[in-house]
Structures are given as structure tokens and as C-alpha cells.
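Okay, here's what each chain looks like letter by letter:
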Amino acid sequence: MISETPETHKKLELVCPAGTPASLRAAIDNGADVVYLGFRDETNARNFPGLNFSREELAQGLDYAHQRGAEIYIAINTYPQAGNPDPWHAAIDDAATYGADAVILADMGLLDYAARKHPDLNRHLSVQASASNPQAINFYVETFGVRRVVLPRVLSVIEITALNKQISVQTEVFAFGGLCVMAEGRCALSSYVTGQSPNMNGVCSPAGHVHYEDQGDQLVSKLGTVTINAFAPEEKAGYPTLCKGRFKARGTVSYLFEEPTSLNVVAMLPELVNAGVTALKIEGRQRGRAYIAQVVSQFRKAVDAQADGTTLPDMNLTSITEGQQNTVGAYDKTWR
Amino acid sequence: MNNSDMSQSKLTLGPVMFNWNPDVWRDFYFRIADEACVDTVCIGEVVCAKRDPFFTPLIPEIIERLQRAGKEVVLSTLALIMSKRDLTSVREITAMEDILVEANDVSAVSLLKDRPHIIGPFANVYNEGTLEFLRRNGAVRVCLPVEMSLQSITSLTANQHDTEFEVFAYGRLPLAISARCYHARSHGLSKDSCQYVCDKDVDGMDVDTLDGDPFLVVNGLQTLSYSCCNFIHDLGALSAAGISRFRLSPQSWDMVAVAQCFRDVLDGKTESEQAEHILDDLSDGLTSSNGYLYGKEGMAFAAPWAE
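Those sequence lines, one after another, are chains X and V.
Numbering follows numbering that gives the first Met the number 0, with no gaps: position 208 of the first sequence is 207.
Numbering follows numbering that gives the first Met the number 0, with no gaps: position 180 of the second sequence is 179.
Please note that a few of the clues may not be correct.
[Claimed, not checked] Subject to a maximum C-alpha distance of 30 Å in a straight line, what follows is the list of computed DSS-like cross-link-like pairs (lysine-lysine):
1) V/Lys199 x X/Lys247
2) V/Lys295 x X/Lys221
3) V/Lys83 x X/Lys9
4) V/Lys49 x X/Lys164
Rather than coming from a laboratory, the hints here were simulated on the basis of the structure.
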């Protein structure tokens with residue numbers, strides 16, 4: 000932030016995912032400062048069957064969090080369908096009524112609605128808005144009173160440092176979990192193959208369009224009619240997320256866009272603090288309670304150690320990360 | 000909607016998204032000025048600011064040539080703004096006076112506040128709330144996101160008489176943009192040391208599935224469809240849905256002839272079936288797609304008569 004000099008031992012806020020009430024309690028019990036969640040409909044970017052919160056579950060979650068000094072943010076981060084704004088407006092109205100600590104929004108129309116209708120409700124800018132420069136971020140701040148920006152996973156730490164000096168708002172960065180290699184909120188790859196996308200439907204490479212074909216010598220994974228990957232018997236078959244597939248270009252088969260890696264920035268916490276970042280976000284509202292508990296407790300230790308100036312713990316999260324590979328993604332400029 | 004109404008529809012030539020040889024690029028626009036029946040021509044780098052130095056010096060001459068030919072000229076801005084260089088590019092374009100600018104991200108939207116401007120297809124205008132906000136900010140024309148269905152378009156355009164609506168009607172669909180350069184990556188290079196290898200593929204680098212089926216193409220930071228979006232059969236339905244402009248996105252084949260096909264169908268001089276054959280020949284039989292319009296997967300080609 001403009002007025003603050005970065006402090007090396009400032010404590011990062013830990014923002015953790017929950018797709019169910021059990022995961023919410025697990026996150027808070029294991030040290031989450033904040034839990035973010037979505038309602039059980041197309042208003043959020045993890046619109047999966049059996050996931051997310053009813054209004055009643057939100058009320059209970061808010062009680063559980065607030066009694067333990069934690070906060071709840073509500074992700075309303077898809078783009079409303081033309082002619083059908085009501086579910087999105089109701090989500091914002093209810094977030095305000097139930098006393099959520101912030102809403103996470105991407106659509107300008109919704110930001111405008113929330114700013115006019117609920118000026119006292121904290122507004123955060125979702126990663127799905129893809130605000131990756133000071134000009135855009137300051138516009139969201141000045142126009143809609145945004146209090147925090149979740150940065151797109153396209154920026155390097157050097158760029159985040161420079162950015163934080165040019166904006167007067169908190170920044171939150173992704174720390175762990177799934178990695179979008181495309182600019183978030185600007186990707187229609189999923190809908191090109193399935194008709195459903197993050198922006199319109201809150202899903203990417205949806206499970207209903209996934210199938211596996213056992214061809215004897217290999218297991219082929221498909222999204223719709225498109226082959227995304229093929230695995231030899233000794234290979235572990237991964238989920239066919241479109242941009243993590245194997246394709247052929249220039250005569251070579253490769254993970255052209257990105258290997259099936261998982262983002263993990265735990266080794267970069269000091270750099271992120273120095274870059275002026277306020278909060279770390281863990282991806283994975285679709286993950287189970289055990290996963291949430293394990294990741295959150297490890298990050299709690301790491302964030303505390305960073306703030307205390309002690310050695311960062313050696314985190315063993317390999318067993319739960321996709322494909323057993325970790326990356327710091329775009330935070331390291333060479334990723335590009 | 001009858002043919003006389005469709006004849007009022009306008010054609011926009013979108014910005015060249017590929018890294019063409021600068022001489023070829025200049026001559027392309029000169030030919031468009033001299034021969035193409037398009038009403039509006041967009042010009043400017045929308046994918047990668049690293050390409051700017053090759054094209055920026057040519058722009059004033061091209062603008063003059065297009066304007067003298069009676070074309071409306073629009074300057075398009077970058078879709079993804081990350082670096083200081085990117086932002087400088089957007090600031091320079093939006094500072095130009097007496098020319099319409101097309102905003103492809105929110106930083107351009109902010110710089111164009113209170114001045115008539117266009118919203119490009121890379122900005123996310125999915126609904127009336129955002130449309131209304133952008134209209135108050137100064138937007139007079141909007142090219143909608145490529146994902147939108149006819150049903151959503153119809154809902155969005157209802158009772159919006161102050162805004163002109165355009166759709167991406169022809170060309171490979173721009174599906175994603177990234178910080179990472181996949182062209183460089185496929186050559187074992189990084190973005191910073193890219194050697195401008197994206198200039199090797201004038202319509203994008205083919206990306207096939209493991210089965211060998213053509214799927215996508217890569218254009219530097221951008222990923223596009225392998226198929227060619229083609230709304231030639233859908234012009235009537237789109238006109239009835241409030242669309243008054245159709246965007247043709249430059250490919251290496253004959254865009255003057257592509258524009259003439261669309262014009263002739265809009266003017267009722269050619270049936271869309273006949274135009275489809277001509278377009279297929281021009282693109283050397285490239286697969287067509289229009290699935291997004293019908294709420295299906297974007298890669299589908301749904302014939303309207305099958306609906």
C-alpha cells in the first residue's frame with residue numbers, strides 16, 4: 000500500500016476455501032483467518048453438484064467463524080446471465096443481510112449494484128475480473144469502492160511489488176492449489192468444448208462432460224468429444240482439465256499449456272510479504288475436509304513462522320497435490 | 000427480419016491478431032481500404048505489446064488511407080495489460096484525439112471514461128447491469144463476448160436503443176489469453192527471449208489432440224479455435240436479436256472476398272448456403288463453427304434449419 004513500508008515480519012492473512020459446512024469448520028479449526036464460500040447455484044465459480052452453502056448453512060457458518068475470531072467472505076464471482084440478474088442480486092442482498100464480512104465480485108454490473116445497494120458491505124475484486132495493472136485496479140477502487148483485489152495468477156513477484164506501490168488497496172494472491180494458466184475470467188476454452196465456462200456457468204472442464212476410455216494399452220481421458228490426455232498403464236491418470244492436457248504441436252507431444260502441476264508458494268512467503276501482499280488464498284472449494292484441514296494447518300504454521308522470523312517448516316504436501324508436481328507459476332518470471 | 004432491414008447492417012473488420020510481416024500487414028490494410036466492402040476497420044495490436052514497434056510506425060499512414068476510402072477507423076487496445084510497456088501502449092492509444100478507440104480491458108475503459116468509445120470482445124459484457132454501467136461511462140458500441148448465446152444476446156439487447164451491438168461473426172475464435180507465450184514455449188524459448196517466433200504462423204500454430212484431430216491454434220499469448228467461426232447462416236436471427244454489426248476477423252486468406260460474401264447475404268443478393276460454399280473455398284475447407292450462438296459447445300456447427 001502507498002502509505003506503508005513493507006515489514007518483513009508482517010503476518011499474512013490466510014484465506015481458505017470451504018465447499019461444505021464440515022470443510023468450513025475444518026478450515027477454521029486448523030487456523031484459517033478467513034473462509035470463503037459460495038451459494039449453491041450458478042452465482043459462484045465452483046458450481047459443482049453437492050457443493051456450496053444454503054442460506055441456513057451460511058448463517059451457521061458465520062456464527063461458527065465469528066465466535067472463533069474468523070471471518071467469512073462470499074464468492075459471487077460469475078457473470079450474471081442477461082435477462083436473469085435475480086440470483087446474483089439475491090446473493091449480494093443475502094450476504095449483506097446475514098452479515099458476511101465481504102463479497103468477492105467480478106462483474107462490473109454487480110459491483111455497481113453492491114456499491115449502490117449495500118455501501119457498507121465490503122467489496123473485494125475477484126480474480127475472475129482479471130485486474131492485472133494499477134490503472135484497472137484504481138478504477139475499481141475509485142468507482143466501486145473495492146477494498147481488496149485478488150490478483151490474477153499472471154503476475155510475477157516483481158510485478159506485484161511494483162503494483163502494490165501504485166495502488167491504495169489490499170492485495171490477495173493465490174498461494175496453493177489449482178493453477179489457471181490463462182488469465183482468469185478471459186478464458187472460453189471450456190465452453191468451446193462443453194458449452195459451459197467459468198464466466199457463464201461457474202465451471203471449467205465440468206465432470207459431466209468427462210469420460211475415460213480404456214483402450215487396453217492406454218487409458219484415454221476425454222472432455223466432450225476431445226481427447227485431452229492418454230496414460231500408459233504405469234502412469235497415474237489425471238482429471239482432464241483442458242489446459243493441463245497433452246497435445247501435439249510442431250510434431251511434438253507435450254503439455255503445451257501447463258503440466259498438471261499444483262501451485263505452491265510456501266517457499267516465497269518472505270518475498271510476498273516484501274511485495275506488500277496482505278493475504279494468501281488457498282484454492283480448492285471442491286476439495287474434501289481432510290485436504291482442507293491438512294493444507295490449512297500447514298500454511299498456518301508457515302505463515303506464523305514467517306511472521307515470527309523463524310525457519311519455514313518443511314511442508315510435505317506432495318501427496319495431496321495434483322500430479323505430484325509443484326510450481327510457483329507466474330510468480331517466477333521465467334514461467335512465461 | 001426482412002432483407003431490407005439486414006441491408007442496413009454494417010460490417011466491421013476486426014484487428015489483425017496474428018504477427019504478420021509488417022509489409023504484408025500494411026498492404027493488407029491498403030487493399031482493405033481500396034477494395035473491401037466493410038464499413039469499419041479496427042487496427043492495433045491486441046495480443047502482445049512486444050510486437051508494437053514493428054507496426055506502430057505504419058499506423059498513421061494506414062489510418063489516413065482507410066479514412067480517405069471512407070472507412071470508419073477504430074483503434075483497438077491490448078486484451079491483457081500486465082507490464083508498464085502494456086500500459087504505456089494503452090495510454091498512448093487512448094490519448095489520441097479524433098479517433099474512436101475500442102477498449103479490450105478495464106484499464107482502457109477507465110482511460111476512455113466520459114468519451115464516446117467502443118467495448119471490444121475481450122471485455123466481459125455478459126449482462127444488462129454491466130452494459131448500463133459501461134453506457135454511462137461512455138460506451139456507444141459493444142462487441143459481445145464470443146461465448147454468448149442468441150438467447151442471451153436477445154435478452155441483453157432488449158430496449159437498449161442507445162447502444163450499437165456487434166458480434167464476432169467470422170474467423171478463428173479468440174478463446175484465451177495468458178501471461179505465458181505458448182508459441183515461445185513450443186520452440187523451447189520463454190516470452191522474454193521469444194525471437195518473435197509467432198511470426199512463423201500467419202493463422203496461428205496448429206494444436207492437435209493426441210488422436211491427430213485439429214483442435215486449437217496458438218498465437219503467442221493467445222489461444223484460438225482451430226475452427227473458423229462462421230455466422231453466415233445466422234445473420235437474420237442475429238439481426239432480429241438486435242445485432243446491427245458483424246465483425247470479420249482477419250485471416251491470411253482473401254478477406255475482401257469474405258466481406259463480399261457477408262455483404263451479399265445481408266443485401267439479399269446471395270443465399271447463405273451459396274455463401275457458405277464460397278467461404279469454404281476461401282478458407283480451403285476449414286471446419287466452421289457457430290455452436291455458441293445455440294447454447295452448445297462453441298466448436299459445434301449447428302445449421303439453423305436443424306433447430
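Quick rundown of the hints versus the structure:
{"no.": "1", "hint": "V/Lys199 x X/Lys247", "in the structure": "17 Å, holds"}
{"no.": "2", "hint": "V/Lys295 x X/Lys221", "in the structure": "17 Å, holds"}
{"no.": "3", "hint": "V/Lys83 x X/Lys9", "in the structure": "28 Å, holds"}
{"no.": "4", "hint": "V/Lys49 x X/Lys164", "in the structure": "24 Å, holds"}
In the structure shown, no violation is registered for any of the earlier numbered hints.
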